[in-house]
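Undergrad: Sequence:
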Amino acid sequence: MGLRVFVTRELFPFTAGGIGRVIANMLMTAPEEDRAEMAVLYVGDNVEADAFAVAHPGVTFLAWPHSRFQQVDERGEIFPPMSAFTHSMLHWESVHVLQGLLELERLKGPLEYVEFVDWGAPAFAATQEKLLGSALTTATLAVRLHTTDSILADFEPRVQSVHGLNLFDLERKALADCDIIVGQIAPVAEAFRVFYGFSEEEWTPRLRLHAPPVLLDTMQPVTQTAVINDSTPLLFTSKLQDIKRPDTFIRGCIQFLRDRPRYQGNIVFLAHSFDVSYQEYVISLVPEDLRSRVVFARGVTGAAREKSISGAVCVFPSPWESFCLAAYEASLSGAACVLNAQNPAFGPGSPWRDGYNCSTFDGSAEDLARALCGLFESTPGRLSPVEVPKDPLPWKGLDPVAIPATVPLDRQLTVVVVNRDSAGRVLNTLDSILASNLTLDKLIVIDDASRDPRDIVALDQLGSNDPRLSVHRLAVPVGDAVARNMGLALVETPFAGFVRGGDQLLPGFLKVAVSSLASHPDFDVVVGQVGVTVDPDDVIAGNVAPDGFRIFYGEGRLAGLYENRLAPESYVIRTEVARRFAFDPVIPALEVWEMMLRACQSGARFMVTSAVNVLARHQGQPDERHLEQIQIAMRRRLQRKRVRVGSLEVPAYFIFGAHVSPSGFMGDASNAEMAYRLQALMESESVRYTLALARLLQKRAPWVLRLGKWSVQRLAPIYRRLR
0 MGLRVFVTRE
10 LFPFTAGGIG
20 RVIANMLMTA
30 PEEDRAEMAV
40 LYVGDNVEAD
50 AFAVAHPGVT
60 FLAWPHSRFQ
70 QVDERGEIFP
80 PMSAFTHSML
90 HWESVHVLQG
100 LLELERLKGP
110 LEYVEFVDWG
120 APAFAATQEK
130 LLGSALTTAT
140 LAVRLHTTDS
150 ILADFEPRVQ
160 SVHGLNLFDL
170 ERKALADCDI
180 IVGQIAPVAE
190 AFRVFYGFSE
200 EEWTPRLRLH
210 APPVLLDTMQ
220 PVTQTAVIND
230 STPLLFTSKL
240 QDIKRPDTFI
250 RGCIQFLRDR
260 PRYQGNIVFL
270 AHSFDVSYQE
280 YVISLVPEDL
290 RSRVVFARGV
300 TGAAREKSIS
310 GAVCVFPSPW
320 ESFCLAAYEA
330 SLSGAACVLN
340 AQNPAFGPGS
350 PWRDGYNCST
360 FDGSAEDLAR
370 ALCGLFESTP
380 GRLSPVEVPK
390 DPLPWKGLDP
400 VAIPATVPLD
410 RQLTVVVVNR
420 DSAGRVLNTL
430 DSILASNLTL
440 DKLIVIDDAS
450 RDPRDIVALD
460 QLGSNDPRLS
470 VHRLAVPVGD
480 AVARNMGLAL
490 VETPFAGFVR
500 GGDQLLPGFL
510 KVAVSSLASH
520 PDFDVVVGQV
530 GVTVDPDDVI
540 AGNVAPDGFR
550 IFYGEGRLAG
560 LYENRLAPES
570 YVIRTEVARR
580 FAFDPVIPAL
590 EVWEMMLRAC
600 QSGARFMVTS
610 AVNVLARHQG
620 QPDERHLEQI
630 QIAMRRRLQR
640 KRVRVGSLEV
650 PAYFIFGAHV
660 SPSGFMGDAS
670 NAEMAYRLQA
680 LMESESVRYT
690 LALARLLQKR
700 APWVLRLGKW
710 SVQRLAPIYR
720 RLR
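In numbering that gives the first Met the number 0, the protein residues as written are 0 to 722.
Incorrect hints may appear among the rest.
[Claimed, not checked] Keeping only pairs whose Cα atoms sit at most 30 Å apart, straight-line, the calculated DSBU-like set for lysine-lysine is:
id, residue 1, residue 2
1, K395, K107
2, K238, K389
3, K238, K306
4, K306, K441
5, K395, K441
FYI, nobody ran anything at the bench for these hints, they're computed from the structure.
Use the sequences and the hints to build the structure in full.
TA: And the structure:
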């Protein structure tokens with residue numbers, strides 16, 4: 000038996016946030032003997048080990064701040080730095096989390112169960128390395144459904160960006176590739192499944208229901224709610240942010256005050272507020288004659304907060320919660336809860352029952368006023384506190400982790416090298432392939448009519464003594480797509496590797512790729528991260544680090560329509576899948592991106608290394624003709640592809656036209672500072688920061704605004720209101 004680890008950025012009582020409270024409750028309710036087998040990997044540096052030991056005695060603790068990230072680990076593997084992850088810093092953080100788990104394993108022994116949160120996809124890198132057989136092979140990797148950023152974006156008025164689409168893809172893939180999905184209640188888990196488009200066959204066998212324990216800090220749970228009278232305050236206890244719908248709360252309560260003049264209580268915001276402008280907007284909804292009845296109670300914590308809640312009517316108008324610990328705490332402390340029945344956490348199939356342990360409304364302010372009137376007219380004290388489900392612990396009764404059967408790997412792979420004017424470096428490419436610890440069936444070189452004298456000399460040097468080596472020199476250039484298809488037609492093995500002439504592979508990549516594909520028949524493609532350098536040999540020797548990086552995560556279902564995070568030009572794929580989709584001979588460039596996008600959107604699954612496994616040389620500035628080919632390819636990449644908008648199916652080009660850089664990445668991929676600023680702004684929860692983002696993009700990246708012009712137009716009235 001190994002450690003059961005909880006990975007988190009939040010932790011009660013040291014930080015705010017419901018996720019930290021859920022984890023703390025699970026630790027505090029665990030028997031002493033179980034706590035000895037529990038650990039917390041805390042992604043941060045603001046919690047001291049000694050303080051943690053006082054709050055959670057017996058539980059192992061490892062703080063893992065960003066400063067402990069290793070760009071080169073003890074095995075010599077190279078990991079791209081945070082600045083390289085311009086699409087999402089959270090992808091990088093998942094690699095950082097992976098390194099923390101490996102450190103915990105080194106210090107404490109094997110890990111049995113690792114539970115990640117869903118927000119931000121911290122499980123991404125760990126799930127990939129387990130699939131690849133490189134790390135955590137004996138651990139069960141679980142993701143608990145708290146609420147992803149992508150679901151929040153579906154309820155909040157954000158200006159969407161390619162960053163948000165990348166995060167959707169990462170969060171979905173973490174859910175797709177984990178061993179266990181921990182749903183806190185069934186209706187919410189089902190809403191997650193539908194949102195991300197998983198089939199029941201993909202989802203249900205991995206789903207375990209576990210409602211977290213609910214603890215009160217300073218009082219015992221009650222057996223009946225408090226008696227309500229016309230002085231009982233109406234409380235809003237959530238954060239003051241759009242998804243919590245404070246505007247619905249205040250509108251409904253104001254209408255209730257008008258409908259029930261004899262009510263003399265106050266409307267109280269017992270809530271955190273991080274946005275002065277948004278708070279002013281909420282206040283502006285209150286008529287002048289009722290301003291004195293609306294109270295913002297700041298800084299009320301601990302026993303005073305619990306006491307205030309216990310004698311109140313608490314309203315939770317949010318349309319989405321994964322569990323809503325605050326509602327359970329309020330009910331158990333004696334508050335009468337009024338809940339949005341459109342929220343899956345409060346609707347049919349949840350523990351909440353209208354008229355028994357709560358009152359519900361349909362999500363509108365008008366119906367909230369009706370529900371409040373009905374509650375105050377009803378028999379005082381008739382509600383019972385909610386009962387928290389008693390579910391089995393998800394880490395109990397785990398099936399043993401299956402060890403993949405050993406399968407023969409030699410001569411299962413054919414590598415196709417597509418070369419054109421690589422300055423003679425095709426020989427370095429072949430040397431790197433032959434240095435692999437895997438025996439190939441064939442090594443096929445397709446030279447697309449190179450004109451560079453160095454390539455001609457290099458190809459002349461290739462002998463024909465080795466029957467596994469096959470060199471095909473074309474007299475007329477046919478283009479990358481056709482050249483790749485020509486090589487693919489010669490493959491007779493289950494797996495095919497494609498390598499761009501001039502690229503170099505690190506020695507272990509091909510064996511890891513073939514082994515993982517052979518062990519996981521549901522997966523189709525293996526890709527590695529790319530290091531860009533002037534001297535790959537020096538990087539392989541460990542003398543220097545790459546100068547730059549290209550980052551991929553495989554299944555770019557949404558972001559892949561805008562930028563290529565699916566795969567580089569060098570990767571390994573099942574031969575049958577490559578033939579089924581093939582390379583589009585009409586597309587003059589970006590053929591890997593286009594083919595991988597079709598494969599991904601048809602259900603092909605990818606495995607992705609966290610470390611660099613492909614080295615590419617710096618590319619010069621493309622000439623005018625090449626730029627023209629890229630523009631044509633960008634227009635063609637969306638042809639014959641459809642997307643569904645509600646019940647309407649439309650051509651993909653209608654929605655996803657965009658400008659792209661020659662590398663196939665949106666905008667300036669080297670500008671890490673801009674990416675960091677974009678990320679900080681996009682993770683904001685306020686309209687003020689949304690407007691700041693729009694101003695930044697107008698100045699630095701107007702292509703994003705062109706992608707989402709309709710979103711900016713929708714922000715115009717908000718902008719006028721806040722000026």
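Undergrad: For each hint, tell me whether it holds in the structure or not.
TA: Checked hints:
no.	hint	in the structure
1	K395 x K107	holds (20 Å)
2	K238 x K389	holds (28 Å)
3	K238 x K306	holds (19 Å)
4	K306 x K441	violated (75 Å)
5	K395 x K441	violated (48 Å)
In this structure, the hints that do not hold are numbers 4 and 5, in rising order.
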